[in-house]
Amino acid sequence: MADASPPILQIKDVCKDFVLQGQPIHALSNASLTIHKGEFVCLIGASGCGKSTLLRIVAGFETPTSGEALMWGMPIMEPDPRRGMVFQDYALFPWLTVRDNIAFGPRAARRPKAEIRDTCERFIDMVGLRRFADAYPHQLSGGMRQRVAIARVLANDAEVVLMDEPFGALDAMTRERLQEELLDIWRRTKLTVIFVTHSIEEAIYLGGRIVVMTPGPGRIESDNEVTLPRPRDVSSPEFNDVRRMLSARLHSHHAPKVA
Amino acid sequence: MSVTKASPDETSPAATPAAGAPLQWLARAMKPMALALVVPLLLLAFWHIATTNRWTRLIPTPADTAEYMVDFAVGGIYDDAFSGTLLTHLLASMSRVYGGFALAALVALPLGILIGRVATARMVLDPFFQLMRPIPVTAWLPLSMILFGLGARSAFALVFLGAFYPILLNTIFGVKNVDGKLFEAASMLGCRGKAQFYRVVLPAALPSIFTGLRLGLGLAWFVIVVGEMTGVPQGLGAVIMDGRTLSRTELVICGMIVIGVAGFISDRIILAIGNYLLRWSPNHHG
Ligand SMILES: Nc1ncnc2c1ncn2[C@@H]1O[C@H](COP(=O)(O)OP(=O)(O)O)[C@@H](O)[C@H]1O
Ligand SMILES: [Mg+2]
Chain A
189 MADASPPILQ IKDVCKDFVL QGQPIHALSN ASLTIHKGEF VCLIGASGCG
239 KSTLLRIVAG FETPTSGEAL MWGMPIMEPD PRRGMVFQDY ALFPWLTVRD
289 NIAFGPRAAR RPKAEIRDTC ERFIDMVGLR RFADAYPHQL SGGMRQRVAI
339 ARVLANDAEV VLMDEPFGAL DAMTRERLQE ELLDIWRRTK LTVIFVTHSI
389 EEAIYLGGRI VVMTPGPGRI ESDNEVTLPR PRDVSSPEFN DVRRMLSARL
439 HSHHAPKVA
Chain B
50 MSVTKASPDE TSPAATPAAG APLQWLARAM KPMALALVVP LLLLAFWHIA
100 TTNRWTRLIP TPADTAEYMV DFAVGGIYDD AFSGTLLTHL LASMSRVYGG
150 FALAALVALP LGILIGRVAT ARMVLDPFFQ LMRPIPVTAW LPLSMILFGL
200 GARSAFALVF LGAFYPILLN TIFGVKNVDG KLFEAASMLG CRGKAQFYRV
250 VLPAALPSIF TGLRLGLGLA WFVIVVGEMT GVPQGLGAVI MDGRTLSRTE
300 LVICGMIVIG VAGFISDRII LAIGNYLLRW SPNHHG
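Residue numbers (our numbering), protein chains in the order written: chain A, 189 to 447; chain B, 50 to 335.
Chain B with its partners taken away, still in its complex shape:
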């Protein structure tokens, strides 16, 4: 079975300040951030040069986009249908992302534990999920619209599907691959049978389960645009779709930026939670 694993992570929380050298410490703490900004700034510069020199007329300049972003966020510049609506759309998308993700976790975690630990369940369910898994979320779009209609429920269902498989597969992997020695250690210490599930299987599987949750949440953000193509009035996907139909590229770009930033922050938060819960694991940063 192939299981996607998150790469070992790049950032670690800043070290405690060394006594007597606060400035030096600040410089050291800022360095990763400065390095991380190199590529985005180069891209921004290229975008600026390309658009101000009119290599393309189809894309607005960064300055125009920034201005539009401000209007999108707080209004007061263009005062059109999208002015000051960022928060509404963001909240609509977030509720679908987190709702679909939470539901996916609620279903995939117990199911994964069952498939990973119970041979009969594995034989019945595993082939089915292996068969369904290669079908991309986008391919579910038409069927989802038929089943759930045009609107929020369809978007919700697609986000659910997107987040479901990484959580399921990593949970199965985690509970199935517990080091056999740990069961022997637990049983010679007097923890036998069902008690081992809570005291050995679950904690041992936690790193994999967490990897699944992180990938699942990432994918939930990934499919939100597709999910909101199903004709919902609100949501960042809807904004992007509207921007396309209205040929308003700056709207499309603003929507993309907001999704990117929201997804990034969301990933940092789940990563921080994971780093705390998995501080015992040498493969995770503490």
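So here's chain A without its partners, still in its complex pose:
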């Protein structure tokens, strides 16, 4: 990555506490992360270690208890179409067809009609849903729904795509194909992706950087660059080396903590 360019995202000493039944929960403790334009960053960690919380702070759905999150140097105050979110359970609008789901963002931005139409058709083709353009979400398979969710974020000119275990509910075959397609889209566009997963394999397959998080309280354990050439061979010894290294880091919090 070109280190000279200013970072698209900066997370500075972010803490996030929730109160649950009178008990404070430290969901995130002193998380810092700098991400440059065009990076593909994976967040991995056991459930409950604050991955979603971190992502939701970047999205603007949550505000940090302390610290700050910046995009292009400006504090993130609220959700913004420049940062699109892809949810695990899709969160498509069930009353809109595939085409209208994709048109939702451009319509909210009051773009000219002709432009909205062109944008929609382009992204319908990009995610291969031409035949299903007029179908409703409940008529689609999980993989197709997630393609719509990705397309509607891209159609909105998002610069950053935040993905929270997006392929977690899909079968293995569909997941692999969507991983391919996502990498393909990422290569062709200049997207910055933050991808949450609890699968080490998925993280190594996709990520240029892998951020390992550990629970209790949720914090960033390490930030690892992955230099394996793409397309990555899941069965190669190099892949396995990275896997072993990350696995050790994931479980490092079981070791006695240094005060």
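By construction, these hints were calculated from the structure, which means they are not laboratory data.
List time: in silico SDA-like cross-link candidates among lysine to any residue, alpha-carbon distance up to 20 Å:
id	chain 1	residue 1	chain 2	residue 2
1	B	Lys225	B	Ala168
2	B	Lys230	A	Pro269
3	B	Lys230	A	Gln276
4	B	Lys243	A	Asp268
5	B	Lys230	A	Arg270
6	B	Lys225	B	Gln179
7	B	Lys243	A	Pro269
DEER-style ranges, computed between Cβ atoms:
id	chain 1	residue 1	chain 2	residue 2	range
8	B	Asn332	A	Met361	26 to 36 Å
9	A	Gln327	B	Arg182	30 to 40 Å
10	A	Gly316	B	Arg77	29 to 39 Å
11	B	Arg328	A	His439	44 to 54 Å
12	A	Asp313	B	Tyr247	23 to 33 Å
13	A	Arg298	B	Asn332	27 to 37 Å
14	A	Gln327	B	Asp316	23 to 33 Å
15	B	Leu92	A	Asp313	54 to 64 Å
16	B	Phe313	A	Gly330	34 to 44 Å
17	B	Lys243	A	Gly316	33 to 43 Å
18	B	Ile195	A	Gln327	50 to 60 Å
19	B	Leu180	A	His386	47 to 57 Å
20	A	Ala436	B	Gly242	43 to 53 Å
Virtual Cβ for every residue (Gly too), placed ideally from N, Cα, C.
The hints should help you fit chain B with the ligands onto chain A, whose structure is shown.
Only chain B with the ligands this time, still in chain A's reference frame:
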């Protein structure tokens, strides 16, 4: 809060005919109708047997009733005060049913949206409506007659009351229970604040609102007889009441049948509209 929901529906529009087998398709399309007719036909047979064997003398035979129905509809058989008046009474009742229903919808929809979305409105209005709701429409009858007098206005008011609560409660339920994820999805796509009301809340609440409207219209037909007990000259409820005072059971039965059929057709129509508008919803039949 307890909310009545319509059961998932029984019928779905007939499938498109399979090429090459029109007869088979016809048979398949007729089957639900044939099955639906089993119970009414059994009942009709029992009615026929019971009355022709004189197990009871208080109820006319189906044949007599049918004959009377024809007279009620087009006249020319008995030529009494009720001959050929069906349409007049039906139209009078329909105007009250649809008028009261439309007014109930006009009031209950905005009110339900307000109570469902605005916390202050909910705190002020919800307890009041919860308190009023258990009072049955029939209990309002005397008060309604005092307030609105004997006649059409009273009937109208009772139909309004009958249709009001299901629409109100289902609207509140619908706008209150929008999946929170959809608000997040809308806001990250650039649709924020008030714009979310039209683009998220209303469409998401539509299935519940529609359920409320359907129940409301059903109840409007349900209370029409009570509403027309208030001394209106015309209407199917009035016909039934007159039939009772004149001890003309065949008139009562004819009135009941017309209400049943009219209510049924009315329900099919609103269901067809709903199925079209909610074709996106997996819980409604497309
Ligand atoms: N809205 C919330 N209210 C209370 N606690 C929450 C809330 N969101 C997350 N948490 C808690 O914060 C911690 C981190 O959650 P999360 O970020 O969802 O973890 P992950 O996505 O890594 O599984 C968990 O203990 C979770 O219970
Ligand atoms: Mg999570």
